[in-house]
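K.L.:
Each chain, letter by letter, is given below.
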Amino acid sequence: MTAQTSSAVAAVALGAAALVFSALSIPSALEPPRLPPPTRPVTVDLSVIITGVGAVGESKHHSFNPSMIVVRRGDTVRLRVMNLTFARHGLEIPGYGIRTRGLPGGPTGQETLTFVADKGGMFQYRCNIPYNPKTGDCSPDHESQVGYLVVLDEPR
Amino acid sequence: MNRSGRGLATFALVLSGLALIISLVVYLSRPRVETAETRRAAPPTTVTLSMVVATFSGQGVFAHRWYPTMMIVREGDTVDLVVANPDEFAHQLELTGYDQKTPTLNPGESARIKFVADKVGVFGYHCSLPYDPAKKHCTPDHGEMRGYLIVTAR
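Protein chains in written order, with our numbering: chain A, 1 to 156; chain B, 1 to 154.
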């Protein structure tokens, strides 16, 4: 057998092997990608209450209710923020650049924020009124008055 | 003739070697088809929760809300909810998109709803008992008693 013939035989063998592997890959290449069915954007319309937690009377702990809001990317979020405490509080979501004014406690302390959750991820919301006992702004637990907006990055 | 034939054979050998490498790479990196094993890795679960009518108060304002306000399950999970009403007015929970509804919950009563979350999407729940002070049905903030169930795709 000449070197030429053995090269040709080897080439045919390798080519045949390549053909077999290519053929084996065909079914998965033809398979459409598995994606969850598309879902329509909705409006998540919620009231967010700023309230004292725990003891009756002058609470030392303040929180947002709910403290976690979950939407899908593309959903519209409408938050009616109301303050039931005795101090001024507010709500801001720095990651989305939106905030309420300082809301006095009681029926007048309400503001609605509306935005489209067009960025996926976790976004903290927090009180945007620094603690100042002289002016009745916020409370000593200002830093722990936080919550999270979770925007699920579902494929659309 | 002999010389060019050998050159051609070597060229064919190199080409088919390349073809073998490329097809091997494609074959080994082919997308994995979902099997029964991978499906078993995340079996559907039952999400058991107790939901209550929570009352928030302060500054003379009373706010009634479904608590929890948001629930997340995956498609195929079973939702098992015990809905209780510790409020002094009657309420009723309705999950519109799933046709689930408790009976009227008088003060102190509770009811259980159980269903399989087989539809993906966002489903609102609300109080379906209209405000009627004469019957002690619901409260003036009836329209604010809203929450959402999110069912994510599996």
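Do not rely on the hints blindly, as some may be mistaken.
Here chain A is said to cover these stretches of chain B; the calculated rule only asks that three of the stretch's residues, wherever they fall, bring their Cβ under 8 Å from a Cβ of chain A [claimed, not checked]:
1. 43–53
2. 108–122
3. 126–137
4. 142–152
For the record, the hints were derived by calculation from the structure and aren't laboratory data. The beta-carbon is built from N, C-alpha and C at its ideal position, and this holds for glycine as well.
K.L.:
For every hint, state whether the structure bears it out.
P.N.:
For each hint, the structure was consulted:
1. 43–53: Since three or more residues must qualify, the claim that chain A covers the stretch 43–53 of chain B is violated, with 0 doing so at under 8 Å.
2. 108–122: n = 3 at 8 Å, threshold three: holds.
3. 126–137: violated (count 0)
4. 142–152: Holds: 6 residues of the stretch 142–152 of chain B have a Cβ under 8 Å from chain A.
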